[in-house]
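Protein chains: 2
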Amino acid sequence: MAKKRIGLHTVRLEQPPVIIGAAAVAGPMEAQGPLGHEYDQTYPDLTIGQSSFERAERQMMIDACNLALQRAGITKKPPAVDYFLAGDLLNQIITATFSGLQLAVPMYGLYGACSTFSEALAVGAKLIDGGYADRVLCAVSSHNATVERQYRYPTEYGSQRKPYAQFTVTGAGAVVLAVSGDGPRITYCTTGKVVDYGIADPFNQGAAMAPAAVETIHAHLTETGRTVDFYDLIVTGDLARFGRDMAIKLAAERNLTLGKNYNDCGAMIYDHTRQDVHSGGSGCASSAIVTCGHLLKEMARGKLKRILVVATGALLSPTTFQQGENIPAIAHAVALEA
Amino acid sequence: MAKKRIGLHTVRLEQPPVIIGAAAVAGPMEAQGPLGHEYDQTYPDLTIGQSSFERAERQMMIDACNLALQRAGITKKPPAVDYFLAGDLLNQIITATFSGLQLAVPMYGLYGACSTFSEALAVGAKLIDGGYADRVLCAVSSHNATVERQYRYPTEYGSQRKPYAQFTVTGAGAVVLAVSGDGPRITYCTTGKVVDYGIADPFNQGAAMAPAAVETIHAHLTETGRTVDFYDLIVTGDLARFGRDMAIKLAAERNLTLGKNYNDCGAMIYDHTRQDVHSGGSGCASSAIVTCGHLLKEMARGKLKRILVVATGALLSPTTFQQGENIPAIAHAVALEA
Chain A
0 MAKKRIGLHT
10 VRLEQPPVII
20 GAAAVAGPME
30 AQGPLGHEYD
40 QTYPDLTIGQ
50 SSFERAERQM
60 MIDACNLALQ
70 RAGITKKPPA
80 VDYFLAGDLL
90 NQIITATFSG
100 LQLAVPMYGL
110 YGACSTFSEA
120 LAVGAKLIDG
130 GYADRVLCAV
140 SSHNATVERQ
150 YRYPTEYGSQ
160 RKPYAQFTVT
170 GAGAVVLAVS
180 GDGPRITYCT
190 TGKVVDYGIA
200 DPFNQGAAMA
210 PAAVETIHAH
220 LTETGRTVDF
230 YDLIVTGDLA
240 RFGRDMAIKL
250 AAERNLTLGK
260 NYNDCGAMIY
270 DHTRQDVHSG
280 GSGCASSAIV
290 TCGHLLKEMA
300 RGKLKRILVV
310 ATGALLSPTT
320 FQQGENIPAI
330 AHAVALEA
Chain B
0 MAKKRIGLHT
10 VRLEQPPVII
20 GAAAVAGPME
30 AQGPLGHEYD
40 QTYPDLTIGQ
50 SSFERAERQM
60 MIDACNLALQ
70 RAGITKKPPA
80 VDYFLAGDLL
90 NQIITATFSG
100 LQLAVPMYGL
110 YGACSTFSEA
120 LAVGAKLIDG
130 GYADRVLCAV
140 SSHNATVERQ
150 YRYPTEYGSQ
160 RKPYAQFTVT
170 GAGAVVLAVS
180 GDGPRITYCT
190 TGKVVDYGIA
200 DPFNQGAAMA
210 PAAVETIHAH
220 LTETGRTVDF
230 YDLIVTGDLA
240 RFGRDMAIKL
250 AAERNLTLGK
260 NYNDCGAMIY
270 DHTRQDVHSG
280 GSGCASSAIV
290 TCGHLLKEMA
300 RGKLKRILVV
310 ATGALLSPTT
320 FQQGENIPAI
330 AHAVALEA
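Line order of the protein sequences matches chains A and B. So that you can map any letter, position 122 of the first sequence is 121 in numbering that gives the first Met the number 0, and since no number is skipped, the others follow by simple counting. So that you can map any letter, position 166 of the second sequence is 165 in numbering that gives the first Met the number 0, and since no number is skipped, the others follow by simple counting.
Worth flagging that the hints you see were computed from the coordinates, not collected in a lab. Hints may contain errors.
Since the list gives no way to pick out one identical chain from another, each pair is judged satisfied if it fits inside one copy or across any two copies.
[Claimed, not checked] As a list, the in silico DSS-like pairs of lysine-lysine whose alpha-carbon atoms are at most 25 Å apart: (1) K304 - K259; (2) K3 - K76; (3) K76 - K2; (4) K75 - K3; (5) K161 - K248; (6) K259 - K296; (7) K248 - K75; (8) K75 - K2; (9) K302 - K259; (10) K259 - K248; (11) K304 - K3.
It should be emphasised that the depicted structure is a prediction, and the values quoted were computed from it without experimental measurement.
With the rest of the complex left out, here is chain A (with noise of 0.2 Å):
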């Protein structure tokens, strides 16, 4: 077996690379919700002053990734990191590639949906890790309008959605990884597989994507023989409050327990009591914006020393749903220590 390899999915990383810089972004909603103090910069509206929801959403990855670099003491153009690995929702991930237009550095488009936070930071950890860089800058983003419209409808229609429905997180998260600095680090890596539950409906990604995150958490505690106990928070990146509570069944019957240091960022994001969003957030931003803005500052307060982020994808596209194939899920786990 590879030697940082610890089993199937999990890997160890020998010298784990530091969080040096972080940043979140956040829309207006978001601005309003419980994490609203939280984050580097909100946004008034959803278009921030662009032509287009896509200008704006790519604004924000953009702003994420400069204030995230500004936080590290990177502050040259074009910025000194070696590699930037990035993804969004919209089709051909292009707030990701127009964002690396204008950070003109060497990049890798990644597309995990709304997993692409924890997969850039585990392929971003392993470039550093295994001596091919020394900054690698990660970033991803979702944006309410752009992904409403070209997944499901375009929210003008106001069309009436289920209880279980999510509502797409509007916003963006940067990370910037090193060799060695002052902040939390990356210690072990678990990439999930492609796992399909039967789930066919595009409003419940909640329950396409909970057996994903049970089967990745399960994966990266047998294989690094942790208890739940372990850490601090354990979190899952979107699947909002019917999703989180069908993980917290779905690990039961692992015997699992996901009790009170388990959480989901899409149900941390919005007041339910007050924001209408039905079942809680989603989207790439939803993990992002929770980890950059709030649990990253939470470790740096010492209130949080050892977490485990399981970003969650709902791996869709409209045609598929269209064409009547099932949602298949994924989820990767990254372990954050201070």
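Model the placement of chain B on the given structure of chain A, informed by the hints.
Below, chain B without anything else, positioned relative to chain A:
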């Protein structure tokens, strides 16, 4: 600088991973082309017995994976590979993710448009050389009927195409990389930046991608200290005939003579005297089926010893070109040495 990095774009693999198996599958037009006899499997039509073109493309990717695994002596199910790295041109790289579902191994989805083939080889090589994997399966695909209708027009419309338009290649290529074994090795990987030279016509992708190819070739040669003549063959991915000529001119401006040892996969796939493909082939499968089907066999026959594969990607989406954006492009190079 990170220990395996030799320049801004290029890394040297310390223990160069080996290509222990590869396979190319191709559609009917490709089967009739000059390399038709080289592909491991060809199909008589574009549906290959499936109920949609999308399912046909997926079956092609799976066929290519299974053949490559077979060549590598990996016959168990799920296959004993540590990662499946894959991408394609369909929205949400749905060919890759549904193939990942069937393969049932840990997966990272990649997107670099038609540059995804060399992106996958490069990421895979680093995962092996970095100590994270013993074996990695890389795969990409494209399909004329799925891609044309998604990016431009359904082929059934019979819309007239400009002479510089390209013809999307139908097929898939897969490669099994391993830490040791018999086969050519990946010695250097040069990661491209996103560039934009002002092309906005989605039929003129060769022109959009040629500058990216030349930038990456130039970076590779400068950073490795190699000359064009070091390689028995330098191949770009899918510039086709017009883009190839443009690449030769742009290279000359940088004092690089791309002569007899330079060609483009998109220009090699079809016989332009008898096949109506305008400028030539495009799509992820272009570089993949020429490399997996033909060039790796030429290396096994001893006819080629050192080749540089420079897959090229046009980073457009239908949304961005309808919104009047240019078509940025990227190219990644991998050096294969017997």
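Hints versus structure:
Taking the shortest alpha-carbon separations for K304 and K259, only the intra-copy value of 16 Å comes in at or below 25 Å, while the best inter-copy value is 59 Å. Taking the shortest alpha-carbon separations for K3 and K76, only the inter-copy value of 24 Å comes in at or below 25 Å, while the best intra-copy value is 34 Å. In the homo-oligomer, the alpha carbons of K76 and K2 lie at most 25 Å apart only across protomers (24 Å), although the nearest pairing inside one protomer, at 37 Å, exceeds that limit. Proximity of K75 to K3 under the C-alpha cut-off of 25 Å is restricted to the inter-copy arrangement: shortest distance 23 Å between copies versus 34 Å within a copy.
Taking CA atoms no more than 25 Å apart as the test, K161 paired with K248 passes inside one copy only; the shortest distance there is 22 Å, against 57 Å between copies. For a Cα distance limit of 25 Å, the shortest separation of K259 from K296 inside one copy, 20 Å, qualifies, whereas the shortest one across copies, 57 Å, does not. In this homomeric assembly, K248 and K75 never come within 25 Å of each other (Cα to Cα): the closest approach is 49 Å inside a single copy and 32 Å across copies. Proximity of K75 and K2 under a CA criterion of 25 Å is satisfied inter-copy only: 23 Å between copies versus 36 Å inside one chain copy.
Proximity of K302 to K259 under the C-alpha cut-off of 25 Å is restricted to the intra-copy arrangement: shortest distance 15 Å within a copy versus 63 Å between copies. In this assembly of identical chains, K259 and K248 lie within 25 Å of each other by CA distance solely inside one copy; the values are 14 Å within and 64 Å between copies. Proximity of K304 to K3 under the C-alpha cut-off of 25 Å is restricted to the intra-copy arrangement: shortest distance 23 Å within a copy versus 32 Å between copies.
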